[in-house]
Amino acid sequence: MFSGAQISLYPMADCFVGVILGALGALDPYRDRLRIETDDISTLLVGPPEVLFPAMRDLFVAAARGGKHCVLSATISRGCPGEPDHPICRSDALGGPVRPLGPRKDAAIAAVRGAALAGQPAAAQFSLYVMGTEDHMDEIYGCIDFLKQSGVYERSKHFCTKLRADAGAIFSALDEAFCRFGPGAGHVTLDVTVSANSPSAV
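Residues in the sequence shown are numbered consecutively from 56, following the numbering used here.
For lysine-lysine, the following DSSO-like pairs were computed, each having C-alpha atoms within a straight-line distance of at most 30 angstroms:
{"hint": "1", "residue 1": "K212", "residue 2": "K160"}
{"hint": "2", "residue 1": "K217", "residue 2": "K160"}
{"hint": "3", "residue 1": "K212", "residue 2": "K123"}
{"hint": "4", "residue 1": "K123", "residue 2": "K217"}
Ranges of calculated distance between the beta carbons of each label pair, as one might list FRET restraints:
{"hint": "5", "residue 1": "C70", "residue 2": "A240", "range": "41 to 49 angstroms"}
{"hint": "6", "residue 1": "C70", "residue 2": "A256", "range": "15 to 23 angstroms"}
{"hint": "7", "residue 1": "C215", "residue 2": "G122", "range": "23 to 31 angstroms"}
{"hint": "8", "residue 1": "F71", "residue 2": "D161", "range": "38 to 46 angstroms"}
{"hint": "9", "residue 1": "P176", "residue 2": "P84", "range": "21 to 29 angstroms"}
{"hint": "10", "residue 1": "D200", "residue 2": "R145", "range": "26 to 34 angstroms"}
{"hint": "11", "residue 1": "G80", "residue 2": "H141", "range": "21 to 29 angstroms"}
{"hint": "12", "residue 1": "K203", "residue 2": "I91", "range": "32 to 40 angstroms"}
It is worth saying that the hints were derived from the structure and are not from the lab. Note that the coordinates shown come from a computational prediction; the quantities given were computed from them, not determined experimentally. Positions of the beta carbon are idealized from the N, C-alpha and C atoms, including for glycine.
All chains should be built: construct the whole structure from the sequences, respecting the hints.
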């Protein structure tokens, strides 16, 4: 299965180039487990979810740590039928038969509540898209119910769900939403915006 993310990092500061370049070192521990391609719009990270989400978290936290308003925008996808399989994406978190929704929600809640804290408060909004199944709304409602019990849920918005918590818990929640909802071998995407240090939040 192919899984990956197109990400863009936006520090709201005159020194944005320095903030971005300084944060890139956070990806170093993951480089041997990700395929990374960058152009003038975004960076593609290809790899399994258990590497993708910590890499995005660490990049975002490294950029936000200096106190500048910083935003990460990402489109994250798995199982797209238009993408080739890639051996770097192999993961125990995906595939297999679809289990009942209740145990998946319980496991997701436990994972987020047990997530390591990053020490960076953040807010996020995201949308989950489960493709090619007639019960896609059951999966989406199940995901929203998980979020409401996870400790990161702030509120529902039009077309998305808003989260607020430590960045470690937020990226854990995004990982759980991505891996546990929708068929394990199916096509699932997330549209994500994560923000830290916003003057609007004060």
